[in-house]
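J.: Chains as they are written, first to last, in this note's numbering: chain A, 1 to 251; chain B, 1 to 289.
It should be emphasised that the hints constitute simulated quantities derived from the structure, not laboratory data. Some clues are possibly wrong.
When the alpha-carbon atoms are kept at most 20 Å apart in a straight line, the in silico EDC-like pairs for lysine to aspartate or glutamate are as follows [unchecked claim]: (1) B:K96 to B:D47; (2) B:K96 to A:D80; (3) A:K55 to A:E26; (4) B:K96 to A:D15; (5) B:K96 to A:D78.
What you are looking at is a predicted structure, and each value in this text was computed from that prediction instead of being measured.
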Amino acid sequence: MTAPLAFRDVTLGYDRHPAVHHLNGEVAPGTLLAVIGPNGAGKSTLFRGIVGILKPLSGTIARSVKPRDIAYLPQSVDIDRTFPISVFDFVGTGLWRSSGMFGGLGGQARDRITRALAAVDLNGFENRNIGTLSGGQMQRMLFARVLLQDARVIVLDEPFNAIDARTTLDLIALVRRWHGEQRTVLAALHDMEMVRAHFPETLLLARGAVAWGPTAQVLTSDNLAEARRMCEAFDDTATACAGDHQPSQAA
Amino acid sequence: MLYDALIAPFVDFEFMRRALAGVIALALGGAPIGVFLMLRRMSLVGDAMAHAILPGAAVGFLFSGLNLFAMTFGGLIAGFSVALLAGLVSRVTVIKEDASLAAFYLVSLALGVTIVSMHGTNIDLLHVLFGNILALDDPTLLVIAFNATITLVVMAVIYRPLVIECVDPVFLRTVSRAGAPAHLVFLALVVVNLVNGFHALGTLLAVGLMILPAGIARFWSRDITGMMLISVASAMVAGYGGLVISFQTKVPSGPAIILAAAALYVFSVFFGSVSGLARQLFPGRHLEA
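Please model the complete structure; the sequences and the hints are all you need to start from.
T.: Okay, structure coming up:
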């Protein structure tokens with residue numbers, strides 16, 4: 001089985017300034033990978049590159065699946081919560097891959113939606129408008145949609161921000177279930193305890209990859225200190241990158 | 001008595017029957033478009049587009065007089081150009097859609113006014129500005145019905161991507177490429193329906209039969225299907241009511257229709273079942289859970 005994701009000297013960024021710098025590596029099938037690093041380390045940028053919203057400035061991201069077959073849960077969700085749509089219909093959009101623009105939602109599809117809602121403990125919310133949900137319920141609903149997308153590769157950008165302990169626990173159980181189903185899951189996280197407890201593999205990102213490997217070997221105080229030294233600001237006077245593979249301190 | 005006031009005008013006069021048929025067709029096409037304009041916070045875009053098509057219609061008028069097809073064609077070209085250019089610029093640059101649209105419709109308007117003033121003016125242009133639903137002839141009626149039909153069919157085709165793009169644009173981008181085309185097609189439908197409306201209501205009021213019914217519907221329904229049904233129904237009621245008022249009082253028909261819609265709107269603001277003012281003042285005792 002080929003790696004679902006392979007980074008070959010990938011640089012991603014905005015206006016020529018790199019936010020992810022010369023990243024190399026492969027994500028093996030079925031990996032449960034935590035992507036950690038300080039704010040501005042390039043986690044979200046990397047994910048946007050993975051799902052094809054952002055094109056690399058240089059290098060290539062090789063995928064075994066099409067970008068559209070990757071389920072992506074962005075960090076700041078641009079959802080118009082005033083839009084009059086029910087939880088059921090919203091979650092149902094996760095079936096886009098099978099239903100497309102015109103496909104009907106038959107009894108089987110409706111069953112799947114109901115089960116997805118049950119899996120995130122949102123039974124009884126089917127007919128509520130999405131605007132009436134709390135932050136945690138919203139996140140549960142978004143997980144239900146990811147569930148329905150039934151993707152081999154799942155990318156979650158800081159999925160547990162501002163989520164209470166119980167919801168986090170429920171949702172992390174879902175992540176572990178996906179892992180058990182041999183899906184490849186990437187999650188950007190800040191909670192080191194959670195990473196240690198649930199994620200076998202970790203990528204410590206600070207523009208470049210500081211370390212990538214088994215979680216215990218990545219989460220050393222040396223590595224974390226090095227990541228923290230990373231400078232967040234773009235340098236307007238930076239010269240064109242010569243292509244060295246050192247994780248840079250400034251860009 | 002009631003028969004004389006409400007039904008007799010339509011039984012006795014063919015032009016009233018045509019007007020009624022026209023306004024029903026306009027309601028069917030325009031009101032659902034209005035609902036999406038409102039939900040996408042583009043209500044004023046309709047207004048801007050109405051200004052954008054005016055010069056095109058005027059140019060068509062200058063070249064071939066009061067020729068329906070020339071004016072429709074000119075309006076469509078001007079409207080499409082502005083809608084597509086504005087849409088494209090906002091998608092490929094940092095300019096937001098509203099700013100981009102404002103820039104283009106002003107250019108279009110200025111160009112149109114320049115052309116008109118260089119080739120002399122004509123009072124028949126008032127017809128373009130304010131329309132005359134009481135003077136719909138067969139070809140015009142057919143064009144209106146045709147455009148309304150096209151609108152409904154195309155809306156059915158782009159409905160799903162359009163809804164998802166409103167709610168969660170990033171999600172749509174990750175699962176499908178239908179978002180941008182659906183948006184552009186939607187803008188095109190806005191133009192088609194504005195052009196449709198200007199024969200009956202004029203360029204300035206055409207947008208009224210799209211936006212006011214949508215606003216009314218927002219006060220009576222929480223889901224989008226209900227909103228579209230209510231918007232169409234209220235547009236029809238306003239159209240009918242406006243024609244009756246116009247017939248009985250000699251108020252011009254276009255403004256009468258929009259004023260009827262406005263009356264429904266004001267009533268909805270006060271008594272609508274969803275967040276109407278009365279409902280807010282007397283919400284009833286709070287529930288247990």
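J.: Compare the structure with each hint and give your call.
T.: Cross-check of the supplied hints:
no.: 1; hint: B:K96 to B:D47; verdict: holds, 17 Å
no.: 2; hint: B:K96 to A:D80; verdict: holds, 17 Å
no.: 3; hint: A:K55 to A:E26; verdict: holds, 18 Å
no.: 4; hint: B:K96 to A:D15; verdict: holds, 19 Å
no.: 5; hint: B:K96 to A:D78; verdict: holds, 15 Å
Checked against the numbered hints listed earlier, the structure breaks none of them; every hint is satisfied.
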